[in-house]
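Novice: Top line first, the protein sequences correspond to chains A and B. Quick note on numbering: this note's numbering labels position 254 of the first sequence as 254, and the sequence is numbered without any gaps. Quick note on numbering: this note's numbering labels position 230 of the second sequence as 230, and the sequence is numbered without any gaps.
Mixed in with the good hints there might be a few duds.
Said to hold, decoys possible - Pair ranges (Cβ atoms, derived): (1) A:A173 - B:G170: 19 to 29 Å; (2) A:D124 - B:P56: 49 to 59 Å; (3) A:R190 - B:A120: 53 to 63 Å; (4) A:V167 - B:I151: 32 to 42 Å; (5) B:E110 - A:Q213: 51 to 61 Å; (6) A:G215 - B:E153: 46 to 56 Å; (7) A:E153 - B:R123: 52 to 62 Å; (8) B:G25 - A:N251: 45 to 55 Å; (9) A:S23 - B:E186: 32 to 42 Å; (10) B:G209 - A:G42: 34 to 44 Å; (11) B:I151 - A:E231: 52 to 62 Å; (12) B:E153 - A:S23: 16 to 26 Å.
Read the hints as simulated data drawn from the structure, not as lab findings. C-beta atoms are modelled at their ideal positions from N, C-alpha and C, and glycine is treated no differently.
There are 2 protein chains.
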Amino acid sequence: MQFSAVNANTSVDVPFEELRHLSVGDARGIIRANRYAGHTAGIGLGRVQGNLAIVPAEFALDFARYCQRNPKPCPMVGVSDTGEPMLRTLGADIDVRTDLPLYNHYENGELTGQRRDIKAIWRDDLVAFVIGCSFSFEEALIADGIRLRHIEEDKTVAMYRTNIQTVPSGKFAGPMVVSMRPLRREDAIRAMEISARFPHAHGRPMHFGDPAQIGIADIGRPDWGDPSEIEPGEIPVYWACGVTSQVAVRNARLPLCITHAPGRMLVSDIPSWDAGLAVAPAA
Amino acid sequence: MQFSAVNANTSVDVPFEELRHLSVGDARGIIRANRYAGHTAGIGLGRVQGNLAIVPAEFALDFARYCQRNPKPCPMVGVSDTGEPMLRTLGADIDVRTDLPLYNHYENGELTGQRRDIKAIWRDDLVAFVIGCSFSFEEALIADGIRLRHIEEDKTVAMYRTNIQTVPSGKFAGPMVVSMRPLRREDAIRAMEISARFPHAHGRPMHFGDPAQIGIADIGRPDWGDPSEIEPGEIPVYWACGVTSQVAVRNARLPLCITHAPGRMLVSDIPSWDAGLAVAPAA
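With the rest of the complex left out, here is chain A (with noise of 0.2 Å):
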C-alpha cells in the first residue's frame, strides 16, 4: 500500500486545542491551508459534519440510489453538481477539493494514497457526495448530560460490520456498519429519543443490547476505532455508521473513488439541531 502526498496521518500544523476554540470559518480556513490533518470531532460545534465518497459521474446515479435507500447509515447531505467542487448547499464557499483535513484515495477498491488537498486530482467528470455523520447527535447527548466514553477517553468509537445488509443499487453493496455507545439503561432511553430527531445524523438506534443477534462475534474487538468497555449496569447501544457508505464504495471497486479519511470529516455551515429534514423510508 503507498501513500502519496503526505506520510500518514500525523501532520498536525495547528493544534485541535486552537482549532476547536475557532468559528466554522476560520477553522475551515486552516484546514484550507493545508495547516490541520486531524479529526473535526469537536471542531466547528453545532454545524452539521460529513463523510464524504466522490464517485465518476458515471456511477452518481447507482451511488445516489444507494444513499436513497439506506437512508439511516448514508443520509445525503449534500451532492455537488458533475465536476462542480463547490458545495453550495452546505455553505458560502466549501470547497471539497480542500477543506477536509485528510482524504483516502483508491482505485479499483484499494487505498493507493493520502492527501491533504485533492486539488491535483480533481477532475471534471467528479460527484461529490456528502452522508450524514454521528458527531450531530452525540454533540446533543453531551449537552443533555449524557457522558459518551469514547469522547471522554479520546478514542474512536467502535464500529462493526453486521450481518444487516443493506440494499444494492448497481455496483454498490454491502453489510451495514454500526458504532457502538455503552450507556446506563436511563440514559440509553434518553439517548434514542434525542438521536431519533436527527434522522441526518443516522437518527434512532438500530439495536441495543446482544451483539450477536446483528452478526456481532465479538465486542472487544470492533472492526473500526476502539474497543470500549461495557461496566456493570451499562448496555451497548448501536447506531447506523456512515462507514456503511465507505464500505459500499470500496466493495463497487470503482476505478477511482475519493473519500475522506476516517474521522476527517467535512464541517459544513448547516445546524446540526435544524437541518432541514428530509427523507426516504427504510426497506
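Given the coordinates of chain A, assemble chain B onto it according to the supplied hints.
Specialist: Leaving out everything else, chain B in the frame of chain A:
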C-alpha cells in the same frame, strides 16, 4: 391539448367508497386492473403515498440532486433502477407502470396525454422517482381531532406558487409550491408539531398567516386545487407541496416525462407513521 388512451379523469369503475375499505394490496389490485382512475386520498390508509416523476436516465442524476437539495417540497421516498418498473423498496410487488390510477404524459414540458397505465410507453432508459406527499401527515392530523376543511368538503387542497425559489439542479428549477389549510390557532400549533414528525411528507409548515409574505397575491385564487374559506379565528397555514417537483420537471422541458395525474398518487406498503426517516439539510 390532446389526450390519449383515456378521455379525462372521470373513468371510475369501482367506486371510491368501496376502495377505501379495502386493504392496500386489494386496492392496488383494482387500480392495476385499470378499474379505478380517481384520487387516492383515503385509500390504503396508514401507508406512505407519493407523487410520481419519471424521467429519462440522462436527466435522472440532476433530478435526484434537485430532490436532495429541496427536501421539504421534494422528499425522495423511492427511486427505481434505470429501466426497472418494480419499486422494490416501496413494496413487495409495486409496478410503477400500472399501480397508479392515472398518469400524465409530457413532451417538451407540454401535456400530451393521460393514461391509465404506461405499459405501452415504458422504456429501458426511464427512472421513476417517488416523492412524499401530504396525505401522511393529514391522516395524523385527523387522527388527532384536527378538522381539515378540504377533506370535510371533499375538495382538493388549495395550492399556490410562491416567491420562494427552489435550489436548482441542471434543467430543474422553479418556485416552491405550497398547500394551504385554514386552522384555528390551537389546531395550527398542534399541526406544526405533528407534521414536523413527517419529514418524508413535507414536514413542518413553511409559513403561516400573511400570504403576501411568500408571494401569494390572492389567497382566494389558488393556482391548483379549490379555494378554501378562512373563517373568523382561523389562520392559513402553508406546507411545502410535492407539486413543486412537477413544476420543476415541466420547466425542464424534457423530451419525455411522465407524472401521476393530480391527486392520483402511488400508494406504497410503507407505514406512514414511521418511514425510517432519512435526510438532507435545506440550503
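Novice: So, for every hint listed, does it hold in this structure?
Specialist: Structure-based check of each hint:
In this structure the hint that A:A173 and B:G170 lie 19 to 29 Å apart at CB holds, the actual value being about 27 Å. About 22 Å separates the C-beta atoms of A:D124 and B:P56, a value inconsistent with the hinted range of 49 to 59 Å. Our hint of 53 to 63 Å for A:R190 and B:A120 holds, since their Cβ atoms are close to 55 Å apart. Distance hint check: the CB atoms of A:V167 and B:I151 are about 34 Å apart, consistent with the given range 32 to 42 Å.
Separated by about 55 Å at the C-beta atoms, B:E110 and A:Q213 satisfy the suggested range of 51 to 61 Å. A hinted range of 46 to 56 Å for the beta carbons of A:G215 and B:E153 is consistent with their spacing of about 53 Å. Checked against the given bound of 52 to 62 Å, the beta carbons of A:E153 and B:R123, roughly 56 Å apart, stay inside it. For B:G25 paired with A:N251, a C-beta distance near 35 Å fails the hint of 45 to 55 Å.
Distance hint for A:S23 and B:E186: a CB-CB separation of about 41 Å, consistent with the stated range 32 to 42 Å. Taking 34 to 44 Å as the suggested C-beta distance range, the pair B:G209 and A:G42 conforms, at roughly 40 Å. The hinted window of 52 to 62 Å between B:I151 and A:E231 holds, with their beta carbons roughly 53 Å apart. Between B:E153 and A:S23 the CB atoms are about 52 Å apart, so this pair departs from the stated range of 16 to 26 Å.
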